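Q: Each chain, written out:
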Amino acid sequence: MPGIHYDIAHMLGAVVLLLSFALLYQRRLFAIIQAFAAQSMVLAAAAAWQGYIQDAPHLYITALLALSMKAIAIPVALHRVIDRLNIRRTVDTSLGVGPTMIAGVSLVTLSILLVLPVTADVTALTREDLALALSVVLLGLLTMITRRNAIGQVVGFMSLENGLILAAIGVEGMPLIVEMLVAFAVMVAFIIFGIFFFHIRERFDTLDLHALENFRGERR
Amino acid sequence: MIFVQALLAGVFQVVQMLLVLALAPGLTGLVRVVKARLLGRRGPPLVQPYRDLFRLLRKDVVLADNASWLFRVTPYLVFTAIWLAAALVPTFTTALALTATADLIALVALLASARFFLALAGMDVGTSFGGLGSSREMMIAALAEPAMLMVIFSIAILVRTTSLSLIVDFMLAGGVGLRISLGLALISLLMVAIAENARIPVDNPATHLELTMVHEAMVLEYSGRHLALIEAASMLKLVLYMALIACIFLPWGISEPGEGPLAILIGLVTFVLKLASGAVLLALFETSVAKMRVFRYGEFLGGALLLSLLGAIFLYVSTGL
Chain S
1 MPGIHYDIAH MLGAVVLLLS FALLYQRRLF AIIQAFAAQS MVLAAAAAWQ GYIQDAPHLY
61 ITALLALSMK AIAIPVALHR VIDRLNIRRT VDTSLGVGPT MIAGVSLVTL SILLVLPVTA
121 DVTALTREDL ALALSVVLLG LLTMITRRNA IGQVVGFMSL ENGLILAAIG VEGMPLIVEM
181 LVAFAVMVAF IIFGIFFFHI RERFDTLDLH ALENFRGERR
Chain W
221 MIFVQALLAG VFQVVQMLLV LALAPGLTGL VRVVKARLLG RRGPPLVQPY RDLFRLLRKD
281 VVLADNASWL FRVTPYLVFT AIWLAAALVP TFTTALALTA TADLIALVAL LASARFFLAL
341 AGMDVGTSFG GLGSSREMMI AALAEPAMLM VIFSIAILVR TTSLSLIVDF MLAGGVGLRI
401 SLGLALISLL MVAIAENARI PVDNPATHLE LTMVHEAMVL EYSGRHLALI EAASMLKLVL
461 YMALIACIFL PWGISEPGEG PLAILIGLVT FVLKLASGAV LLALFETSVA KMRVFRYGEF
521 LGGALLLSLL GAIFLYVSTG L
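Chains S and W, in that order, give the protein sequences.
Under our numbering, think of the first position of the first sequence as 1, with each following residue one higher.
Under our numbering, think of the first position of the second sequence as 221, with each following residue one higher.
Among the hints, a few may not be true.
[To be verified] Here are some, though not all, of the chain W residues that point toward chain S, as calculated from beta-carbon distances under 7 Å:
1. E365
2. I400
3. G403
4. L406
5. G522
6. L526
7. I533
8. V537
Calculated directly from the structure, the hints in this document are not laboratory data.
Computed from a predicted structure; not experimentally measured.
Every residue gets a Cβ at the ideal spot worked out from N, C-alpha and C, and that includes glycine.
Okay, chain W solo, but in the shape it has when bound (with noise of 0.2 Å):
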């Protein structure tokens, strides 16, 4: 039985795996439709991310002359780093062959050696660009990784585990109810969301401009696969981000170890349903606010910090320790 049990956590930890890889590029499109519905435009059809990836498979790498070894591995490390994060999440079932390691600060730990590679990469080949977005990268990092440790720290005192699948079985359990601490997590949870997948307030994937771009800067040298791999972490990313949030604070409708195929349906089906209501939200809040200075970064995570700080805090209070 256990025997069993261990097959069947594999197969769904290879299921999920293909199902974030395969969910990713749609996701994206999803949220570039809902928006150029929004912004009155017909936008691109939902399959667009997937050509693009394949066409940009398709074409040859153009290296800079003085790009070394580190330029060309980065896009695979990254890309490695970011498939194996998402895969620590629970989508659909807890049953996973990787729960043991699914810990939230391991997964901080894979997405910040990623992010590490990619501003190494960038200073690569010389160009001010490529510096100027790893500059840019790492000050949003330094204050949106404490503001994310700090909203774990909030959940680690509240189930007193870091591992994301008992995270699910205790919120399932249903015995926290409404705290004051999880929504200001949430919150907080979305702001570091919506800094790290360059989203509009903090960044504009869209445009190609120097006053604005951080993450584009930072990947202006890739070409060919190299790009296609690191767009393809990036839409991994938002997948991994959504599928994140929607198990720490919306886990209803995940299957957990030893129930039947159709609970695993249901898992199936919400996971889609929750990525899906996450892109239309995305969408709405992107198309009502207006981009941020660079200057306001500091303020707009600073702010993301003290609310996980605040939610922290009153984990204290009501817990009493």
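Same shape as in the complex, but just chain S (with noise of 0.2 Å):
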């Protein structure tokens, strides 16, 4: 029955959805790398099961990497990052919880105004998916606008390509060297930011971005 087939597929983008509201909603760095590994162990769910109804072998490699490094690796990583540079636990956000999650609300909405006319010839399905990825997307960017902390960012930054690896496997028919690439892009990024950190912790002994304006004399 392709119909259970399906809802479980929006199933899985839905909770890919909430998870990022959660990483909006967390205040503490461990909290939110804990979320950041579950939407990726989610996103590993949705490709496989993409996979499976799609008849598509490639997306269960695309499973493999989405589980092995943005659900174990990277999370682990961070964590040492965190321990390493014995960094406050605690995140200021620029905005308020709150204000936040209405605009994080305001973002989905938006990118449900902008697939609804582009995609008016296909099913309501595709429709949804399409939204969903986006709004994982636009939520991936807020993320690294509303933190100040460096880790939260790269959080933010990771999961903004949680999204638009959702988008790609709903998508019938996409190559797997496309999501090979954006995978592997984003492992170099991973890594180039670790040697950020480590350079803007040596010279501000801190990693909230705000020291950076500071020195360059931006801030009144």
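From these two lone chains plus the hints, build me the complex, please.
A: Written out as structure tokens, the structure is:
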């Protein structure tokens, strides 16, 4: 029965979106990393499920990559970075939780309004999928905007990329090379971020990016 | 035949009202027992809430000198409103006499009027605790009610009715499938239920600490049979919310009009099982989270509101209105 197949795919997508909101809601660094790991795990499940219903074995590789890299390796690495740098475990947000959540819901609405006219001739389900993926991307951006802490911003970036993968697995016939490239680019970005963390830390004794603004004399 | 059905519906309605009344303290007791076990204590026996209620009913009422008629009338009003609301929710069968009036919006209105009188009574005697509890309760209500209404609207978009028995019929027919919006609505409704029933992340009914109490502060001045009625009402409310969640999201087992006694028996058994598993899950949840600060209620319930709003938005997309 194809109905329940697509329903499950949607539920997985929706859980990814929900975890994006969880990411926005968290205040502690470890909680943020946990939410991100959970999101990646659900994403891996979604990729495997899509591989099953689309009969596309290469999606299993995507699932495996998402699981091993984003759900296990990167969170562990981030934990170690936090331990090594010995930074404060709570995050200052530049916006309160309430306004952030309202902005998040507005972004979801925006992405739906954006996807609706573009995909007028496809089924409601594909439309919903694309809307979900776009919302996850926008929420990742919002996470990056509202965190002052560099690690929070990196996690926002990674969850943005989760949204891209969600869009890629939802569309039939996406070649594996695209997903591999995206995953690889994120790996490289993560390494660069890691180097940046240590440099910022060495220079300013903090990972709060407002220190950079002070340094450049942009802040009154 | 129609006459027989109407008669049966009346009988079922009475059975349902007595059933929820009889099960309510047991449910609260079960939550307490499971919680105590999880915390490594033995805990009170399952029948303790029944004993407490009977003991309170036997005791005299102590009234403050300046208590007005409102203070004395409120327990009866609150109990009646919540009992009536609980009678509206289909528990084991949808063939109830009140089916025609079993509307979700009526349910919210009944609960809201009960809360209104309770908050007024909390302020009536003029103690500082009462006012504090009332103001907190109204703050929670102002956030929880829109969330609950939003959930109801999402369901109404999907099923095109707010009548509970029709919703049960629709869900039992299985035409819905797994919907994103329903998942969001379920989470939102769970959050509202936790807030409304004064459970742990929002309120802790087991303490009398001025920093945390909401509901307890409001009813601090009550004693004797008045207190028994208010306690029974809050126990009924827990059953009501569990039954509501069960009948909207897990309606399996509820018998439909015109089905035989076996279906009704299955309905009864599954209802009790649903309540029991709900109690265990609630106890698990309560022992695994910490009490929230009062200032974070807004974020918690705002989250519920946003989730239900998201659900409605997604429904709007998929049904293509």
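Q: Confirm or reject each hint.
A: Against the structure, the hints come out as follows:
At a threshold of 7 Å, the smallest CB-CB gap from E365/W to chain S is about 18 Å, leaving the interface hint violated. With a least beta-carbon distance of about 4 Å to chain S, the hint placing I400/W at the interface is held under the 7 Å criterion. Annotation: G403/W was flagged as interfacial toward chain S, and the flag holds, the nearest CB pair being 6 Å apart, inside 7 Å. Because the smallest distance between the Cβ of L406/W and any Cβ of chain S comes to about 11 Å, over 7 Å, the interface hint for this residue is violated.
Among the interface hints, the one on G522/W holds; its C-beta lies about 6 Å from the nearest C-beta in chain S, closer than the 7 Å criterion. Annotation: interface hint on L526/W holds; nearest CB of chain S at approximately 5 Å, less than 7 Å. A hinted interface residue such as I533/W counts as satisfied when its beta carbon comes closer than 7 Å to some beta carbon of chain S; here the least separation is about 6 Å, so the hint holds. The criterion of a C-beta within 7 Å of any C-beta in chain S is met by V537/W, whose closest approach is roughly 5 Å, and the hint holds.
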